[in-house]
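Novice: Make the complex out of the two chains shown on their own, each in a separate frame, by following the hints.
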Amino acid sequence: MPNVTFRVFRGDRQGGELKDYSVEVQEGMVVLDVIHKIQAEQAPDLACRWNCKAGKCGSCGAEVNGKPTLMCMTRLDTLDTSKPVTVRPLKTFPVIRDLVTDVKWNYEVNKKIKPFTPAPNTDWIMYQEDVDRVQEFRKCIECFLCQNVCHVLREHNEKTGFIGPRFLVRTASLEMHPLDVENRLDMLKNEGGIGYCNITKCCTEVCPEHIRITDNAIIPLKERVVDEYYDPVLSFFRRLFSSKKRPEAAQSAADD
Amino acid sequence: MESYTVHDYDVLVIGAGGAGLRAAIAAIEKGARVGVVTKSLLGKAHTVMAEGGMAAALGNVRPEDNWKVHFRDTLKGGGMLNNWKMVLNYTKEAPERVRELERWGAVFDRTPDGRINQRNFGGHSYPRLAHVGDRTGLELIRTLQDHAVKLGIHAHMETTIYRLLTDAGRVVGALGFSRQTGEFLVFRARAVVLATGGLGRIYQITSNSWECTGDGFSLASMVGADLIDMEFIQFHPTGMVWPPSVMGILVTEGVRGEGGVLKNSLGRRFMFDNIPERYKGEFAETEEEAERWLQGDRSARRPPELLTRDVVARAIRKEVNEGRGSPHGGVYLDIASRRPADYIKKKLPSMYHQFMKLGNLDITKEPMEVGPTCHYVMGGVRVDPDTQATNVPGLYAAGEVAGGLHGANRLGGNSLSDLVVFGRRAGMAAAEYAAQQTGPFQVDEAQIRAYIAEALQPFNNPQGENPFALMKELRASMQKNAGIMREESELKAQLDILADLKRRAWNTSVSGSRAYNPGWHTALDIRLMVEVSEAVVLAALARKESRGGHARLDYPDPDPNFARINHVIRRNPDGSLSVVAEPLPEMPEDLRRIAEAKDLSELSEKVGA
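Residue numbers (this note's numbering), protein chains in the order written: chain P, 1 to 256; chain Y, 1 to 609.
Isolated chain Y (complex conformation) (with noise of 0.2 Å):
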């Protein structure tokens, strides 16, 4: 019978990001024994792509700038669809988390007053993301580990999760694999803080790690907890598209801010016809106006390439679909013309070496070529806005793979600042619950016996088929079928597919030992990609209009009926999925003031809530 190791835990973390690592440190400083989980080694999440920053009103370019109109932003951002809670307690709180990196030893950069330097991003009315050049969520997750490193965490490194354990309803652990050696093993936990992030690799043009599978969507939902608003998916739209090694590869909005723009194949900047009515006023309508906000005059309104990314996306789009488009498929994005070649190396230095390296292109000498790339998601699992709780008991969830800030679509910047807020949250709940979790550990020797049995089944099956080949149709179906338009029958069709490659996805061979290797995992990896693929297309087929990140081809505006719908996504007993309209929560009247405000001298700290 095949052996397999026991570790006990009062909170078991997996994922090993901004928000795993944090809801580690928040779960130590609690008191409780934390194991955290990581397919990776140490240090290499997904977070270390995060070039822009992390958004916070801390007020130190523009002291006008505080937790309400951060607030107004991110909601207007999110088209109202936000977790008005989680929102209010996000932007209260994102400043401190900041500053406690810095006192972790984080080294932002600085204005010449000496304090944390912040600047521009598309949907924030101010300077608001602390920064370090281009790599910021390298500062940030070598801090949180170097912090963690220091609290004395137990981390698991290229250690896959395969299936969570239940008992009675709650969460117990769960069952994973090195992947180094193949052997198996099983954490019996008190409480389990879901930290997996994004599920980009579902798309065949994805800025994502290979780590962003989705696991965790499927692993909460496996064991029944809700998910909320997958249709919401952010397509980045300036990834680049050409040379096609590096398709996906994300160029910084940090171009934008600082002065890059888009051009169609005539040379037409194209971003000043594509301002919605809703953001009509708030932006530079002359290229001589965008130009004097570039050189500092307040009194300019900012360029229309800073509109947020779904707008930016859909604008692209268009010129492609239009033929206007780049001979690879996308547009153009210029800095060369714009800035001095010094200037540029020293703002971007990575997007500058990135291009030079990989696509043998100067950057500050042409212009890139870019395009929409699948870059994050707004839904996820519903937690609760304060603790970060799912409605599963013992389970919580934070990061890119928890629902309910961003709505329908994510400010830039937002997503960093995400991570330690709401990382930190969750890490603090799931460790007061293991607290009061006093029996002793309880995990269903038949539950882990039939799933072992089930991950190696590939390797008992010599007639079955290529994983990767399996990977790459789910992937390019999802492109085509769900990606950044989509109408009903593409979506329709799109169900059918994945019902096919689910039945598929249990009939894989794979060869070879068990030590490292990619074949297996692969294999495992579809099954829970299928899951979350399925969620994404109901969702997707249930919202008829566009709205933020969701765009449908067929109903091409947004629908009041669905302005205050979360679609909630739920497994049946049959294993099943069906998705349910549900209303927001109300917004208390003095915040809903803030969130409408026009004129942003109204959100002063000295007047209103």
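One chain only, chain P, in its complex shape (with noise of 0.2 Å):
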């Protein structure tokens, strides 16, 4: 195969820019043996950042030719190499080099959220019907593309009032846990604002595991809210004249 240009921001947490280098690729590259391919051979300090190369890990998150996708998944042949390919790091989060960036925001969040609770002296007996859904959830390997693409955290940087996507797949997998007793409705609504959510959908577009975020993780955890915090009649009328095509109405419609 011929010769391809890739175009990778070389840089870190004060800036930087694309530079282009001209990698002879073979059949059945991804993206991300490109890049080491780089490395070895061009750039030996080009930082990416990955673990197992076979999409169960999570950690090559990167944005190709301005789509979010995990570099170890994302076939050269997927790709119009005949033009230069542009890999850039995640945008929401800072970069710290390169294509790596600073994530531990995300961890941070996490701890906010009440762990598993058992309910006490529970017999364990759970049956496959009933978990199948937590299942889906417990799939997410965390390569926070979710996170990435969501335009409450991306566009807006709300991460004070905000948890994002993971989070809020990770509160409904113990939420929807068969065995679990802890409430966790009050802090979706302050602290985890998942009303700024105004079901986009995006983060379920970019989700690897192919997690269903939006209509089975976040949908059900917002009525759950509703049903517990609001008059459910007049939240239908809100819900009703609200538009999806101006987030700032549905975002305070359901965020009040």
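Everything labelled a hint here was simulated from the structure, so no lab data went into it. All residues carry an ideal CB built from backbone N, CA and C; glycine is no exception. Not one of these hints is a red herring.
DSS-like mimics (lysine-lysine), calculated; alpha carbons at most 25 Å apart, straight line:
(1) Y/150 to P/111
(2) Y/502 to P/37
(3) P/159 to P/114
Some residues of chain Y that are not near chain P, with every Cβ distance over 10 Å (derived):
(4) 317
(5) 445
(6) 496
(7) 502
(8) 506
Specialist: Printed below as a string of structure tokens:
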């Protein structure tokens, strides 16, 4: 196969620029292979984060031609290699170096979620149909692509009042666990900021584990919060008259 | 002068995979101040890649199962070279560790009556693997991570340990650096638990994450800890061999457990021709019988595709060597013609997605092309079977970096439960030891200064070699000369290559800043990788026989002279390594009867010990 130009972000917290690398590619390569080839042959200090190269660890998220993806799961034959391929770090998190971003905010958010709390003296009997949904949520590999594309975090940088799709999924996995007795609705409504989500489903679209984040986790949680804290009739009208085309309106309607 | 930050802990755990997190939890529960160091982000360790499940004789699917059968299966798989006391501790304790994970929030697949489901796997007499689809490792690590966070774990993420620190023959901490900033860190600790995982990255074709560079073996050996049985390296029989970008990625044994069959290029199902003498009578002898087993007929014996990993790996190698391999040097694994597409997608979802996404291959329609890939090391740091203490005071080891449990070969599913059983024991023992060390923290400033200078040397060496090129040479040569099939001339040649690489590992050159610099990280990784490679080659040279995961072309059969021998790899005062053969601890008679039972009914809980 011919040489392909890869336009890779080089820089750090202070800023940076795209730099071109011409790489001889082979059939069957994924983007992460190319990054490794650049490291080994042209730029040994090119930073990228990765672990398993098998789509299981979620470490190698980046934006390839503007699309957030796992580099290890992005085959070159799915890209137009007649033009330069652009590889940038995830935009929502601060750059540490090159393609590596600082995702520690996510780990801090995680600590706010009340842990699994089983009922005392439970017999630990659970049926498969009762855990199917929870198992879907537990497939999450914490690649944070959903956090990266969520416009509440990406465009509005709302990292103090909103926990983001990943942690709404995590909360859902606990709330829907058949044997958990903790209540996390207050957290979801307040510091969790679930009302900020206005169901654009961007998170669901990028999830490499195909978790139906919006439909199966966030919407049911929103309903629980509404049932718990708001007059159901009033909230029905609020939702009826909010517009998906006007995020601010939808946001305030769901958030007040 | 280079500055560094100091952290003080009662127990420092190096590694945050299953064993490290479980050790940290145990030590915290004992009241210790615990620090955890991980080269990656939390929750990304190689443990996430374990698919099939965790073995434990819960008896949920077959009530006849119990620790004795698991004990027998594990020793049989390990060629009786296992440390019997570790196997005893392990098989008795594994069920409780699995139930504990459920109490901490793990959500295993269920039986129809609502208990933890268990699946078949090679070498296990009964369905024994608690599992979550084919992402059991992720469930394990996430559960431990969540529980550790709940207990207030202090994790130093993206931090590499370069050397252990010693004082008067005791381990008293470690020197490392932040990968993100390049800043040096000194951890002063009263006890250190190594939970650094395996060494697969010393080979070219491996299922292992980048982190599995064998650090723990080298770090331990450099401070005088014994390693045992480093020749026993498991090559998983079914790694992907095509497309090239995913070479080495495992196809879980679950595919065979669910009915997948191995065929050569002539379309022949060759495992029926490869049942070793010691397993004769235990496996189906016709396709018809194997088919009945798959349909749930309990009078039928299991298909030979579920033989132990070494047997399957060698059978595949034989087909390839004799010209009946696939175009890319493997064989075919076919589940597409055996099970309906919906069933495959439900039972093996990540396999399905992985092949579809990475290889553009639909495993519900086409066979997979598979071959042996370096997967696991049975040997490791020699530990006490009850406490996981090494022979160096203050140093403990658990998980893949520790040796003894698996003998010459590990059964699939025995590693995840190994992590939690022995991670817990190591954490408890380290915390108890730490509590007895009451004096001030002792580290030697001169030692720290010398190691920092060593670690920075590649930045001051403009004429040195490219560390990536050196790494490639190391991995290719190990694959060729010390891989799945070994012989004396190649192993000796590899020792020479390693001597050369060892010298060159100290003469690399890196550029750029110290922040997140993969060239620098690689330069330092190689120094430890050549050490562990040498231990593997020396042990392989000494074992002049074929047994378990170790196959010698020049000594193709097991040799009774080696049947009860561990190889101890010990560092001499001049820094060189030597191999000493030592007899295994003698097994008590009642346990020997269990281990050698011919008929599983002898092992019902009502009879015997």
